[in-house]
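There are 6 protein chains.
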Amino acid sequence: MRITRRETFNAAHRLFRPEWDDGKNLEVFGKCSNPNWHGHNYVLYVTVEGKVSPETGFVINLKSLSQIIKTFVTDKLDHKNMNLEVDFMAGRLASTENLAIGIWEQLEKPVAEEGARLHCVKVVETEKNYVEYFGPGR
Amino acid sequence: MRITRRETFNAAHRLFRPEWDDGKNLEVFGKCSNPNWHGHNYVLYVTVEGKVSPETGFVINLKSLSQIIKTFVTDKLDHKNMNLEVDFMAGRLASTENLAIGIWEQLEKPVAEEGARLHCVKVVETEKNYVEYFGPGR
Amino acid sequence: MRITRRETFNAAHRLFRPEWDDGKNLEVFGKCSNPNWHGHNYVLYVTVEGKVSPETGFVINLKSLSQIIKTFVTDKLDHKNMNLEVDFMAGRLASTENLAIGIWEQLEKPVAEEGARLHCVKVVETEKNYVEYFGPGR
Amino acid sequence: MRITRRETFNAAHRLFRPEWDDGKNLEVFGKCSNPNWHGHNYVLYVTVEGKVSPETGFVINLKSLSQIIKTFVTDKLDHKNMNLEVDFMAGRLASTENLAIGIWEQLEKPVAEEGARLHCVKVVETEKNYVEYFGPGR
Amino acid sequence: MRITRRETFNAAHRLFRPEWDDGKNLEVFGKCSNPNWHGHNYVLYVTVEGKVSPETGFVINLKSLSQIIKTFVTDKLDHKNMNLEVDFMAGRLASTENLAIGIWEQLEKPVAEEGARLHCVKVVETEKNYVEYFGPGR
Amino acid sequence: MRITRRETFNAAHRLFRPEWDDGKNLEVFGKCSNPNWHGHNYVLYVTVEGKVSPETGFVINLKSLSQIIKTFVTDKLDHKNMNLEVDFMAGRLASTENLAIGIWEQLEKPVAEEGARLHCVKVVETEKNYVEYFGPGR
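Residue numbers (the numbering used here), protein chains in the order written: chain A, 1 to 138; chain B, 1001 to 1138; chain C, 2001 to 2138; chain D, 3001 to 3138; chain E, 4001 to 4138; chain F, 5001 to 5138.
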């Protein structure tokens, strides 16, 4: 059984490699490399897997899951600049793929402490694209 | 190949354990334990797996699938009280997880009789959470 | 200039007139008259009209508007039984139309105190129907 | 008869008044005043009003309307910083209200040159709020 | 008070004037003039205005409104070719604008017979465009 | 890691077997067999799987993926008649299942040439049904 929680956050970012010049960054990343930043309304789906508790009928209490996501992910990202202000994105190219990996690393342990298993982190960047990450080695 | 049918129903429910007092129910289930009920517009996605028939180009005829869902699930749930009036939820805590299990049990056999295999029952309770059930032991 | 805030709440309700018997209620209100209740995920759009402040660029501060809606409307309705537990629906048939009127009456004054004018209360009951109320006499 | 075109763009912005200190900006604009920017997936609805041409059955040719919006609005805003890089927002507080006014001023004349009348500019900033502007003095 | 009902239908159509050659049709109507047809999932919103009945709490009984739309509009359009098979579109260029006018003419009288007034016919052709018609002379 | 691109196209089609008479086609395919065609706004989700490049942070450059889908799929289908005009659907019953197979066959090789692996083709025909194809033998 899997249960999914949907949360949202807004953030600024920029795709670029500091060792490349602006021309090279523009060629690879297009307008996403704009030095003055741009931003998105991100939608985050966190899917957790586990057994249904006979006592509560829950895989995980959604209040707990929601609080975990808030503490470890959305409070750090919402209305922030992903390249400059988010600890778990430091040193990482701010692509949606790397953002999903960073979010996975934030959530895996606290979800496990609630007795469930993190199954998937889905990050929707725009209405035309999203990524899904299922953990390292999967 | 998988094909999915989307259906909707509206129902009232309440999360509580009769052997717990109101305080304990409130602590675990929060406002979902309100004794006067509350309700949702549920969205149900039924995913069926199978081979594509060379004759019809179908995994399953959607008219049949739609009729099965209506007969075995949505006619029983729509505009009903899930705790009081739905045969396949009797004796079950009315969580979204248990609802998905109940719906799976209703659909598995009639879908098989159409020559396909039930793959997933997804129940969307609110725009912020949904569950997916893939059958017992999976 | 108009600005709209979207909020959600879940509630149970029943359409019926106590002076009618069950047969008559069923004839007029259909399955919406089920004595065991049913419920919906309501979506509420509150539209406010006013001049744009040269100082803030706002018609109304959305934090204020959101707090007003929470205090006067959604805290009273969310996870509640509209027929039994909501003060401003007491004595009113719990149709979507009457709900919109009740919400208007709750919001008109506090919105005015923020220096704006309530323009429209839109209540979406299901994905197939919604009502819009523009105030008495309009 | 009215016809509406939907377009999207992503942009960074920040709400602040340069003559206020950070504390005052934070008090009024909350996390929207973050000096490192944040951003949104904006959705723009442009509604145009006019008579239906007996020759084409159109109020306005959507290819023309789409091109006008691209040239005068979305090419200037998409993947840009609204405070720093958008000519028609220069000197304006980057609120959604002021953005709608700026977009109206960009579109009014070219729409008129196509023989129609601009009726409404609707800007959706997040799934929880949007503004509608109907032109000066209306 | 206004109440809106949402319905859907799928249909094929083509934009062309028979007195123009293919080149001229292509120039004006683009790929919408394809002689082999194309089609859409149309979404129809019918908005009705009236007083709230003190007896039922309704502007109009949605069962009646839904039945009217089915009989006069969607049964005629669903899975049909708008240019060839729909009586109220005969002799009309199959633009979304003209479709909205045709639907208005179908609905105005039966809605009035239910004691309400047709306020708006909104036809969504794709996720990027829709039209709204408010009746002749408005 | 998986990344998904969403694209749309509009097309006309008809479900029928030429060796069956109209009665038999109507019995099996219902109104989808209408000889005058009908159509849909199709939504296509293409999911690609691969490793995240340490250089770009991408599984695949979305500009490339978008161009591949345009060249091999949507340019061939958009505003076309699927039964008459689409090379990769020739000789195939125009069901959503067969369409997904055809699209998979178009995309598998060019996606591989970008260094990624096609994981899933999802085709949404209406808001009530969609299919997912994961490749031959899976």
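Think of the hints as simulated: they come from the structure by calculation, not from any bench. On a predicted model such as this, the values are computed, not experimentally measured, just so you know. Some clues are possibly wrong.
Stated by the list, open to error - Below, in silico cross-link-like pairs of lysine-lysine (BS3-like), each with a Cα-Cα straight-line distance of 30 angstroms or less:
1. K5122(F) with K128(A)
2. K4070(E) with K4109(E)
3. K4122(E) with K4063(E)
4. K1122(B) with K1063(B)
5. K63(A) with K2122(C)
6. K128(A) with K3051(D)
task: Compare the structure with the hints numbered earlier in the document and write down the numbers of the violated ones, lowest to highest.
output: Hint 6 alone not satisfied by this model.
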